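Novice: Could you put together the complete structure from these sequences and hints?
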Amino acid sequence: MALLTLLNSRHPLADTAAQRATLAGLPLARTFEATVASAGYDRMRTTDIRVLQLNVGKRCNQACHHCHVDAGPDRIEVMTPEVLDACLRFLEGSAIPTVDITGGAPELHPQFRDIVRRARNAGRHVMDRCNLTITRLPNYADLPEFLAEHGVEVVASLPSFAERQTDAQRGEGVFADSIAALRRFNALGYGIEGSGLLLHLVTNPVGAFLPGPQAALEADWKRELRRRYDVTFNRLYTITNMPISRFLQFLLDTGNLQGYMDRLAAAFNPAAVEGLMCRSTLSVGWDGRLYDCDFNQMLGLGTAEDAPQMIFDLTPASVATRHIVVGPHCFGCTAGAGSSCGGATTS
Amino acid sequence: MTMETYYHPRDLARFAEMGQDAPELWQKFLEWYNAVFKEGALTEREKALIALGVAHAVQCPYCIDAYSTACLEKGSTPEQMTEAVHVAAAIRGGASLVHGVQMRDHVDKLSM
Numbered sequence: 109m110a111l112l113t114l115l116n117s118r119h120p121l122a123d124t125a126a127q128r129a130t131l132a133g134l135p136l137a138r139t140f141e142a143t144v145a146s147a148g149y150d151r152m153r154t155t156d157i158r159v160l161q162l163n164v165g166k167r168c169n170q171a172c173h174h175c176h177v178d179a180g181p182d183r184i185e186v187m188t189p190e191v192l193d194a195c196l197r198f199l200e201g202s203a204i205p206t207v208d209i210t211g212g213a214p215e216l217h218p219q220f221r222d223i224v225r226r227a228r229n230a231g232r233h234v235m236d237r238c239n240l241t242i243t244r245l246p247n248y249a250d251l252p253e254f255l256a257e258h259g260v261e262v263v264a265s266l267p268s269f270a271e272r273q274t275d276a277q278r279g280e281g282v283f284a285d286s287i288a289a290l291r292r293f294n295a296l297g298y299g300i301e302g303s304g305l306l307l308h309l310v311t312n313p314v315g316a317f318l319p320g321p322q323a324a325l326e327a328d329w330k331r332e333l334r335r336r337y338d339v340t341f342n343r344l345y346t347i348t349n350m351p352i353s354r355f356l357q358f359l360l361d362t363g364n365l366q367g368y369m370d371r372l373a374a375a376f377n378p379a380a381v382e383g384l385m386c387r388s389t390l391s392v393g394w395d396g397r398l399y400d401c402d403f404n405q406m407l408g409l410g411t412a413e414d415a416p417q418m419i420f421d422l423t424p425a426s427v428a429t430r431h432i433v434v435g436p437h438c439f440g441c442t443a444g445a446g447s448s449c450g451g452a453t454t455s
Numbered sequence: 224m225t226m227e228t229y230y231h232p233r234d235l236a237r238f239a240e241m242g243q244d245a246p247e248l249w250q251k252f253l254e255w256y257n258a259v260f261k262e263g264a265l266t267e268r269e270k271a272l273i274a275l276g277v278a279h280a281v282q283c284p285y286c287i288d289a290y291s292t293a294c295l296e297k298g299s300t301p302e303q304m305t306e307a308v309h310v311a312a313a314i315r316g317g318a319s320l321v322h323g324v325q326m327r328d329h330v331d332k333l334s335m
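From first to last, the protein sequence lines are chains A and B.
If you're matching positions, the first sequence starts at 109 in my numbering and goes up one per residue.
If you're matching positions, the second sequence starts at 224 in my numbering and goes up one per residue.
Since the hints were derived computationally from the structure, they do not count as laboratory data.
Just to be clear, a hint being listed does not mean it is correct.
[To be verified] Derived BS3-like pairs: lysine-lysine, alpha-carbon spacing no greater than 25 Å straight-line: (1) B:K261 <-> B:K251; (2) B:K270 <-> B:K251; (3) A:K330 <-> B:K270; (4) B:K251 <-> A:K330.
[What the hints assert, rightly or not] Ranges between beta-carbon positions, derived for each pair: (5) B:F260 <-> A:R335: 26 to 32 Å; (6) B:C283 <-> A:I300: 45 to 51 Å; (7) B:F260 <-> A:R334: 27 to 33 Å; (8) A:D370 <-> B:E262: 23 to 29 Å; (9) A:H119 <-> B:P246: 46 to 52 Å; (10) A:N377 <-> B:D328: 44 to 50 Å; (11) B:A318 <-> A:A145: 51 to 57 Å; (12) A:N116 <-> B:E269: 43 to 49 Å; (13) A:I300 <-> B:Q250: 46 to 52 Å; (14) B:H309 <-> A:S303: 39 to 45 Å; (15) B:F260 <-> A:P218: 49 to 55 Å; (16) B:P246 <-> A:N116: 54 to 60 Å; (17) A:E280 <-> B:V259: 38 to 44 Å; (18) B:Q282 <-> A:H173: 28 to 34 Å.
Just so we're clear, the structure is a prediction, and the values are computed from it rather than from any experiment.
The beta carbon of each residue, even a glycine, is placed where N, CA and C say it ideally should be.
Specialist: Right, dumping it as structure tokens:
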């Protein structure tokens with residue numbers, strides 16, 4: 109069944125202020141600020157910027173039930189050429205080693221390949237957050253070859269090695285297409301030890317519970333994907349579902365919101381704070397606005413007032429050690445083993 | 224009208240109240256319990272699946288809720304969890320059935 113985005117179904121949660129109000133209204137034992145303060149982080153600051161994460165738009169060929177971006181085929185927001193050029197000029201003038209391209213399906217951006225070429229020409233490591241099925245569309249069938257040619261690290265979403273769970277979250281037929289895509293990547297050398305082409309999988313729970321232990325799951329996944337489908341990959345990243353956008357809607361609709369937030373807060377792990385991705389990431393939205401992470405971006409929480417707000421205002425020094433904007437959703441990144449775009453933040 | 228039942232889901236979160244009048248015993252139980260579920264010769268995921276099966280065998284609704292969540296959070300799939308419940312059910316069913324031998328022996332003893 110096709111899923112309309114919150115925006116185009118005119119759902120109240122399409123308004124980020126409504127999402128923030130919903131989260132702020134939940135009675136939690138402690139605020140996130142008080143909780144991290146008790147762990148020795150009075151007001152969190154960034155350490156430096158090691159990753160420039162570009163969210164190049166909300167268009168996607170899929171409409172997953174848990175999507176924190178509210179992305180889908182009916183979204184039209186894409187990063188403008190002016191914003192994109194400002195991002196790349198900022199990158200080229202900085203020492204930031206990694207560019208993380210996300211969306212939506214970032215490959216749908218008309219200048220996606222230009223971004224990759226320019227970032228690689230500047231000597232930067234490039235990551236593509238790929239939904240896998242994009243490579244099954246006729247106009248994007250050569251995407252794996254392009255990514256391989258430019259040595260792009262592929263970080264691919266696959267919630268489960270079981271078809272039913274994957275399709276329940278990401279849509280009917282997504283699992284079969286994802287396996288076909290993974291085989292194509294493998295045929296090019298992606299995910300094969302020693303090839304230099306990195307293929308990582310991202311799993312997030314298919315429901316209102318925490319992800320499993322990353323290292324143990326990686327071993328299970330490698331065994332099962334090899335046994336069932338002759339597919340290999342490099343690393344498995346476990347990511348906690350964030351109570352934002354369509355996953356927030358799911359939590360509300362199923363009566364799980366309070367229990368889930370209590371679970372995240374109770375599972376606070378002080379050791380996860382050090383490796384929080386917001387401490388070393390700068391996130392840029394399609395319209396050039398700056399955020400501490402992609403989750404803050406989707407809640408409309410821009411960078412702190414004393415930091416630059418737009419990519420056009422930016423110099424590397426002006427954002428290196430800014431204050432980080434936090435909220436109740438941040439418990440998602442400190443629960444259990446911690447969670448980030450690179451998976452668990454503790455071992 | 225309030226429905227009176229012996230089991231309340233909220234009571235699972237009150238489990239620690241069992242330590243109020245016997246704190247030393249509760250502490251010993253907790254230490255042993257936590258040690259049991261740590262990774263050893265079996266993984267934490269395997270132990271959670273065993274716990275789920277036992278929860279069904281002893282028909283503890285609190286344990287079923289707790290270990291359904293635990294199994295998911297350790298990375299088990301609903302298919303694996305359902306098979307674990309079948310294992311528990313098969314042992315329970317088989318345990319009843321094997322007592323039929325006692326029944327047959329007794330019938331043989333009484334019968335001509």
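Novice: State for each hint whether it applies.
Specialist: We went through each hint and held it up to the structure:
| no. | hint | in the structure |
| --- | --- | --- |
| 1 | B:K261 <-> B:K251 | holds, 16 Å |
| 2 | B:K270 <-> B:K251 | holds, 20 Å |
| 3 | A:K330 <-> B:K270 | holds, 21 Å |
| 4 | B:K251 <-> A:K330 | violated, 38 Å |
| 5 | B:F260 <-> A:R335: 26 to 32 Å | holds, 27 Å |
| 6 | B:C283 <-> A:I300: 45 to 51 Å | holds, 47 Å |
| 7 | B:F260 <-> A:R334: 27 to 33 Å | holds, 29 Å |
| 8 | A:D370 <-> B:E262: 23 to 29 Å | holds, 26 Å |
| 9 | A:H119 <-> B:P246: 46 to 52 Å | holds, 50 Å |
| 10 | A:N377 <-> B:D328: 44 to 50 Å | violated, 58 Å |
| 11 | B:A318 <-> A:A145: 51 to 57 Å | holds, 54 Å |
| 12 | A:N116 <-> B:E269: 43 to 49 Å | holds, 45 Å |
| 13 | A:I300 <-> B:Q250: 46 to 52 Å | holds, 51 Å |
| 14 | B:H309 <-> A:S303: 39 to 45 Å | holds, 42 Å |
| 15 | B:F260 <-> A:P218: 49 to 55 Å | holds, 52 Å |
| 16 | B:P246 <-> A:N116: 54 to 60 Å | holds, 57 Å |
| 17 | A:E280 <-> B:V259: 38 to 44 Å | holds, 41 Å |
| 18 | B:Q282 <-> A:H173: 28 to 34 Å | holds, 33 Å |
In summary, the numbered hints that this structure violates are 4 and 10.
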